[in-house]
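Participant: Required output: the full structure, derived from the provided sequences and hints.
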Amino acid sequence: MTEDTMPGIAYELSEDRQRVSLTIGTQTLATSAVELERLVQFLGMVRSAMLPEVEGDVPKTPFLQIEAPRVAVMPTGDRAWTGLVLRTAPYGWIGFNLDRTQTADLARHLAKLASSMAAPAA
Numbered sequence: 453m454t455e456d457t458m459p460g461i462a463y464e465l466s467e468d469r470q471r472v473s474l475t476i477g478t479q480t481l482a483t484s485a486v487e488l489e490r491l492v493q494f495l496g497m498v499r500s501a502m503l504p505e506v507e508g509d510v511p512k513t514p515f516l517q518i519e520a521p522r523v524a525v526m527p528t529g530d531r532a533w534t535g536l537v538l539r540t541a542p543y544g545w546i547g548f549n550l551d552r553t554q555t556a557d558l559a560r561h562l563a564k565l566a567s568s569m570a571a572p573a574a
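Every position in the sequence shown, counted from 1, becomes a number in our numbering once 452 is added.
Since the hints were made in silico from the structure, they are not lab data.
Ideal Cβ positions, reconstructed from N, Cα and C, are used throughout, including at glycine.
Be a bit skeptical, because a hint or two may be false.
As the list claims (entries may be wrong) - Now the in silico label distances, taken between C-beta atoms and shown as ranges:
(1) 559 with 467: 44 to 54 Å
(2) 511 with 557: 12 to 22 Å
(3) 562 with 464: 20 to 30 Å
Facilitator: Right, here's the structure in full:
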């Protein structure tokens, strides 16, 4: 499907905001928040199998940025990885397993950035 033939996408939230009717082209799907979250995860997995791959470096063009996600950091049960878990309104919880080197590199980068950031407004 090319950009010029992509069908219109529309949605309508139920009055209680518990369900959504999502219309793509002529097809409509009624779903709950949990079902929609699973669909988004599934679509992400489908995208990961497609070409071209997502850029390996941070793109210079605009991309989705989420401010102030909830962050949790913990070791995995076997302590082989650091679990970095982010909660976002659009995508729910997203987890990343970082190895020892990635954990140390991230800690170093974050410490350096934190020391150079402006103080929060009072």
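Participant: Next, verify each hint and record whether it holds.
Facilitator: We went through each hint and held it up to the structure:
{"no.": "1", "hint": "559 with 467: 44 to 54 Å", "verdict": "47 Å, holds"}
{"no.": "2", "hint": "511 with 557: 12 to 22 Å", "verdict": "21 Å, holds"}
{"no.": "3", "hint": "562 with 464: 20 to 30 Å", "verdict": "41 Å, violated"}
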